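Work the whole structure out from these sequences, hints included.
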Amino acid sequence: MKQFQVLFKKEWLEATRDFRWIWIPLVFILLGIMEPLTAYYTPQIIEQFGGLPEGTVIEIPMPTAGEVLVRTAGQLNLFGVLVIILAFMGILAGERNSGTAAMTLVKPVSYHAFIGAKWLHGAVLVGVSYLLGMLASWYYTYQLFELVKVTDFMAGTLTFGVWLLFIFTLTLFFSSFSSKAGIAAFATLATVIVLSTISSLLPEKLNWTPFGLTVYASEFWMGQEVSGRISVAFIVTIVVMAVLAVLSIRIFRRKELA
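Numbering-wise, the sequence shown is residues 12 to 269 according to the working numbering.
Hints were generated in silico from the structure; no laboratory data involved.
Computed from a predicted model, the values in this text were never measured in an experiment.
One or more of the hints may lead you astray.
[Unchecked claim] Distance ranges between label pairs, derived from CB positions: (1) T49 / Q14: 41 to 49 angstroms; (2) Q16 / F90: 28 to 36 angstroms; (3) K160 / W34: 29 to 37 angstroms; (4) Y150 / S211: 39 to 47 angstroms.
[Said to hold, decoys possible] Below, computed lysine-lysine pairings styled on DSBU-like, alpha-carbon distance capped at 35 angstroms: (5) K13 / K118; (6) K266 / K191; (7) K20 / K266; (8) K118 / K216; (9) K118 / K266; (10) K216 / K160; (11) K13 / K266; (12) K118 / K21.
Every residue gets a Cβ at the ideal spot worked out from N, C-alpha and C, and that includes glycine.
In C-alpha coordinates:
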(Lines of atoms letter the chains of each structure in order from A; the text may use other names.)
(Lines give C-alpha, C1' and ligand atoms only; values in the text may rest on other atoms or scores of the structure.)
Protein backbone atom coordinates (compact mmCIF):
# COMPACT_ATOMS: atom_id res chain seq x y z
CA MET A 12 0.00 0.00 0.00
CA LYS A 13 2.88 2.34 0.81
CA GLN A 14 4.40 1.63 -2.61
CA PHE A 15 1.14 2.57 -4.25
CA GLN A 16 0.88 5.84 -2.31
CA VAL A 17 4.44 6.83 -3.21
CA LEU A 18 3.91 6.04 -6.89
CA PHE A 19 0.58 7.87 -6.93
CA LYS A 20 2.24 10.94 -5.43
CA LYS A 21 4.97 10.66 -8.09
CA GLU A 22 2.34 10.66 -10.84
CA TRP A 23 0.63 13.66 -9.28
CA LEU A 24 3.87 15.65 -9.06
CA GLU A 25 4.84 14.82 -12.65
CA ALA A 26 1.42 15.87 -13.94
CA THR A 27 1.67 19.10 -11.97
CA ARG A 28 5.12 19.87 -13.38
CA ASP A 29 3.86 19.14 -16.90
CA PHE A 30 0.88 21.46 -16.29
CA ARG A 31 -1.54 18.63 -17.12
CA TRP A 32 -3.58 19.60 -14.06
CA ILE A 33 -4.02 23.02 -15.68
CA TRP A 34 -4.42 22.58 -19.41
CA ILE A 35 -6.56 19.43 -19.47
CA PRO A 36 -9.26 20.84 -17.13
CA LEU A 37 -9.14 24.15 -19.02
CA VAL A 38 -9.73 22.40 -22.35
CA PHE A 39 -12.73 20.52 -20.96
CA ILE A 40 -14.14 23.68 -19.39
CA LEU A 41 -13.82 25.55 -22.69
CA LEU A 42 -15.52 22.68 -24.53
CA GLY A 43 -18.28 22.76 -21.94
CA ILE A 44 -18.83 26.50 -22.28
CA MET A 45 -18.69 26.66 -26.07
CA GLU A 46 -21.85 24.71 -26.88
CA PRO A 47 -24.35 26.72 -24.77
CA LEU A 48 -22.87 29.99 -26.01
CA THR A 49 -22.84 28.83 -29.64
CA ALA A 50 -26.40 27.50 -29.49
CA TYR A 51 -27.71 30.72 -27.94
CA TYR A 52 -25.85 33.35 -29.94
CA THR A 53 -25.64 31.72 -33.40
CA PRO A 54 -29.06 33.05 -34.56
CA GLN A 55 -28.09 36.57 -33.46
CA ILE A 56 -24.71 36.36 -35.16
CA ILE A 57 -26.30 35.19 -38.43
CA GLU A 58 -28.84 37.99 -38.22
CA GLN A 59 -26.19 40.65 -37.62
CA PHE A 60 -23.37 39.45 -39.87
CA GLY A 61 -24.93 36.93 -42.24
CA GLY A 62 -25.04 39.35 -45.17
CA LEU A 63 -28.52 38.15 -46.11
CA PRO A 64 -30.84 40.19 -48.36
CA GLU A 65 -33.18 42.54 -46.54
CA GLY A 66 -36.39 40.87 -45.51
CA THR A 67 -34.89 37.39 -45.43
CA VAL A 68 -36.08 35.46 -42.42
CA ILE A 69 -34.23 32.39 -41.20
CA GLU A 70 -35.73 30.62 -38.25
CA ILE A 71 -33.29 28.51 -36.28
CA PRO A 72 -35.14 26.52 -33.63
CA MET A 73 -33.77 27.10 -30.16
CA PRO A 74 -32.59 23.82 -28.62
CA THR A 75 -33.85 22.63 -25.27
CA ALA A 76 -31.54 22.59 -22.27
CA GLY A 77 -31.22 18.82 -22.55
CA GLU A 78 -30.26 19.07 -26.21
CA VAL A 79 -27.53 21.56 -25.33
CA LEU A 80 -25.98 19.11 -22.87
CA VAL A 81 -26.22 16.33 -25.46
CA ARG A 82 -24.41 18.56 -27.96
CA THR A 83 -21.77 19.30 -25.33
CA ALA A 84 -21.25 15.57 -24.91
CA GLY A 85 -20.89 15.34 -28.68
CA GLN A 86 -18.04 17.84 -28.53
CA LEU A 87 -16.43 15.91 -25.68
CA ASN A 88 -16.87 12.68 -27.61
CA LEU A 89 -14.75 14.20 -30.36
CA PHE A 90 -12.31 16.73 -28.94
CA GLY A 91 -12.39 15.45 -25.37
CA VAL A 92 -11.53 11.94 -26.53
CA LEU A 93 -8.64 13.30 -28.60
CA VAL A 94 -7.35 15.19 -25.57
CA ILE A 95 -7.46 12.04 -23.43
CA ILE A 96 -5.66 9.96 -26.05
CA LEU A 97 -2.98 12.57 -26.75
CA ALA A 98 -2.43 13.33 -23.07
CA PHE A 99 -2.03 9.69 -22.02
CA MET A 100 -0.74 7.88 -25.10
CA GLY A 101 2.72 7.83 -23.53
CA ILE A 102 1.56 6.82 -20.05
CA LEU A 103 3.50 3.54 -20.33
CA ALA A 104 5.16 3.84 -23.73
CA GLY A 105 6.91 7.03 -22.69
CA GLU A 106 8.13 5.50 -19.43
CA ARG A 107 9.61 2.53 -21.29
CA ASN A 108 11.16 4.71 -24.00
CA SER A 109 12.83 7.05 -21.51
CA GLY A 110 14.06 4.23 -19.29
CA THR A 111 12.14 5.55 -16.30
CA ALA A 112 10.14 2.35 -15.97
CA ALA A 113 13.28 0.20 -15.84
CA MET A 114 14.84 2.44 -13.18
CA THR A 115 11.68 2.41 -11.07
CA LEU A 116 11.03 -1.32 -11.37
CA VAL A 117 14.63 -2.19 -10.44
CA LYS A 118 13.60 -1.23 -6.92
CA PRO A 119 11.24 -3.52 -5.01
CA VAL A 120 8.22 -2.07 -6.81
CA SER A 121 5.45 -4.32 -8.08
CA TYR A 122 4.04 -3.95 -11.57
CA HIS A 123 0.56 -3.85 -10.08
CA ALA A 124 1.42 -0.81 -7.95
CA PHE A 125 3.32 0.87 -10.80
CA ILE A 126 0.51 0.62 -13.35
CA GLY A 127 -2.28 0.87 -10.78
CA ALA A 128 -1.00 4.24 -9.59
CA LYS A 129 -0.85 5.48 -13.16
CA TRP A 130 -4.38 4.31 -13.85
CA LEU A 131 -5.85 5.84 -10.69
CA HIS A 132 -4.14 9.20 -11.19
CA GLY A 133 -5.16 9.33 -14.84
CA ALA A 134 -8.73 8.38 -13.97
CA VAL A 135 -8.88 11.14 -11.34
CA LEU A 136 -7.48 13.71 -13.76
CA VAL A 137 -9.88 12.71 -16.53
CA GLY A 138 -12.82 12.55 -14.13
CA VAL A 139 -12.18 15.94 -12.54
CA SER A 140 -11.56 17.64 -15.90
CA TYR A 141 -14.69 16.13 -17.40
CA LEU A 142 -16.83 17.02 -14.38
CA LEU A 143 -15.64 20.64 -14.47
CA GLY A 144 -16.46 20.81 -18.17
CA MET A 145 -19.97 19.43 -17.67
CA LEU A 146 -20.61 21.70 -14.68
CA ALA A 147 -19.59 24.70 -16.80
CA SER A 148 -21.95 23.57 -19.56
CA TRP A 149 -24.77 22.95 -17.09
CA TYR A 150 -24.33 26.41 -15.54
CA TYR A 151 -24.34 28.29 -18.85
CA THR A 152 -27.22 26.17 -20.11
CA TYR A 153 -29.19 27.20 -17.04
CA GLN A 154 -28.31 30.89 -17.53
CA LEU A 155 -29.14 30.96 -21.26
CA PHE A 156 -31.87 28.32 -21.58
CA GLU A 157 -33.37 26.51 -18.62
CA LEU A 158 -32.37 24.23 -15.80
CA VAL A 159 -31.76 20.54 -16.39
CA LYS A 160 -32.80 18.73 -13.23
CA VAL A 161 -29.93 17.92 -10.91
CA THR A 162 -30.78 14.21 -10.88
CA ASP A 163 -30.91 14.02 -14.68
CA PHE A 164 -27.69 16.00 -14.99
CA MET A 165 -25.76 13.86 -12.51
CA ALA A 166 -27.07 10.56 -13.90
CA GLY A 167 -26.14 11.52 -17.46
CA THR A 168 -22.78 12.93 -16.40
CA LEU A 169 -21.88 9.77 -14.47
CA THR A 170 -22.94 7.54 -17.36
CA PHE A 171 -20.95 9.45 -19.99
CA GLY A 172 -18.01 9.70 -17.60
CA VAL A 173 -17.69 5.91 -17.46
CA TRP A 174 -17.38 5.93 -21.26
CA LEU A 175 -14.49 8.40 -21.03
CA LEU A 176 -12.82 6.25 -18.36
CA PHE A 177 -13.12 3.31 -20.73
CA ILE A 178 -11.29 5.31 -23.41
CA PHE A 179 -8.56 6.24 -20.93
CA THR A 180 -8.17 2.57 -19.90
CA LEU A 181 -8.02 1.58 -23.56
CA THR A 182 -5.22 4.11 -24.07
CA LEU A 183 -3.33 2.63 -21.11
CA PHE A 184 -3.77 -0.85 -22.56
CA PHE A 185 -2.38 0.00 -26.00
CA SER A 186 0.42 2.03 -24.41
CA SER A 187 1.66 -1.16 -22.73
CA PHE A 188 2.46 -2.76 -26.09
CA SER A 189 5.10 -0.44 -27.48
CA SER A 190 7.65 2.21 -26.61
CA LYS A 191 6.15 4.44 -29.32
CA ALA A 192 3.31 6.60 -28.03
CA GLY A 193 2.05 7.25 -31.56
CA ILE A 194 1.19 3.57 -32.00
CA ALA A 195 -0.87 3.61 -28.81
CA ALA A 196 -2.70 6.74 -29.94
CA PHE A 197 -3.49 5.32 -33.38
CA ALA A 198 -4.65 1.96 -32.01
CA THR A 199 -6.89 3.60 -29.40
CA LEU A 200 -8.43 6.02 -31.88
CA ALA A 201 -9.02 3.26 -34.43
CA THR A 202 -10.69 1.05 -31.82
CA VAL A 203 -12.95 3.88 -30.65
CA ILE A 204 -13.96 4.73 -34.23
CA VAL A 205 -14.73 1.09 -35.08
CA LEU A 206 -16.70 0.54 -31.87
CA SER A 207 -18.64 3.79 -32.30
CA THR A 208 -19.42 3.10 -35.96
CA ILE A 209 -20.62 -0.47 -35.42
CA SER A 210 -22.68 0.51 -32.36
CA SER A 211 -24.27 3.40 -34.29
CA LEU A 212 -25.23 1.10 -37.16
CA LEU A 213 -26.79 -1.44 -34.79
CA PRO A 214 -28.01 0.70 -31.88
CA GLU A 215 -30.63 -1.69 -30.53
CA LYS A 216 -28.51 -4.83 -30.75
CA LEU A 217 -25.33 -3.26 -29.37
CA ASN A 218 -26.73 -0.93 -26.71
CA TRP A 219 -25.00 -3.08 -24.09
CA THR A 220 -21.52 -2.07 -25.30
CA PRO A 221 -19.43 0.73 -23.76
CA PHE A 222 -20.54 3.08 -26.54
CA GLY A 223 -24.14 2.46 -25.51
CA LEU A 224 -23.42 4.52 -22.40
CA THR A 225 -23.28 7.66 -24.55
CA VAL A 226 -26.85 6.99 -25.70
CA TYR A 227 -28.08 6.39 -22.17
CA ALA A 228 -26.40 9.59 -21.00
CA SER A 229 -28.27 11.55 -23.68
CA GLU A 230 -31.55 10.02 -22.55
CA PHE A 231 -30.90 11.12 -18.98
CA TRP A 232 -30.13 14.71 -20.03
CA MET A 233 -33.20 14.82 -22.26
CA GLY A 234 -35.38 13.65 -19.38
CA GLN A 235 -36.42 10.54 -21.30
CA GLU A 236 -37.11 7.06 -20.01
CA VAL A 237 -33.88 5.08 -19.95
CA SER A 238 -33.74 1.47 -21.11
CA GLY A 239 -33.25 -1.19 -18.47
CA ARG A 240 -30.19 -2.50 -20.36
CA ILE A 241 -28.14 0.38 -19.02
CA SER A 242 -27.14 -1.86 -16.12
CA VAL A 243 -25.79 -4.40 -18.61
CA ALA A 244 -23.78 -1.69 -20.39
CA PHE A 245 -22.34 -0.53 -17.06
CA ILE A 246 -21.35 -4.06 -16.04
CA VAL A 247 -19.83 -4.88 -19.43
CA THR A 248 -17.84 -1.64 -19.49
CA ILE A 249 -16.48 -2.08 -15.97
CA VAL A 250 -15.56 -5.72 -16.61
CA VAL A 251 -13.82 -4.81 -19.88
CA MET A 252 -11.89 -2.03 -18.13
CA ALA A 253 -10.77 -4.46 -15.42
CA VAL A 254 -9.65 -7.00 -18.03
CA LEU A 255 -7.77 -4.31 -19.98
CA ALA A 256 -6.02 -3.15 -16.80
CA VAL A 257 -4.94 -6.70 -15.90
CA LEU A 258 -3.75 -7.35 -19.45
CA SER A 259 -1.83 -4.06 -19.39
CA ILE A 260 0.10 -5.24 -16.33
CA ARG A 261 0.91 -8.63 -17.85
CA ILE A 262 1.90 -7.25 -21.25
CA PHE A 263 4.04 -4.49 -19.74
CA ARG A 264 5.79 -6.98 -17.44
CA ARG A 265 6.48 -9.33 -20.35
CA LYS A 266 7.87 -6.48 -22.45
CA GLU A 267 10.09 -5.28 -19.62
CA LEU A 268 11.44 -8.76 -18.83
CA ALA A 269 12.01 -9.65 -22.48
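Please name the hints from earlier in the document that this structure breaks, with their numbers sorted from lowest to highest. 4 and 8
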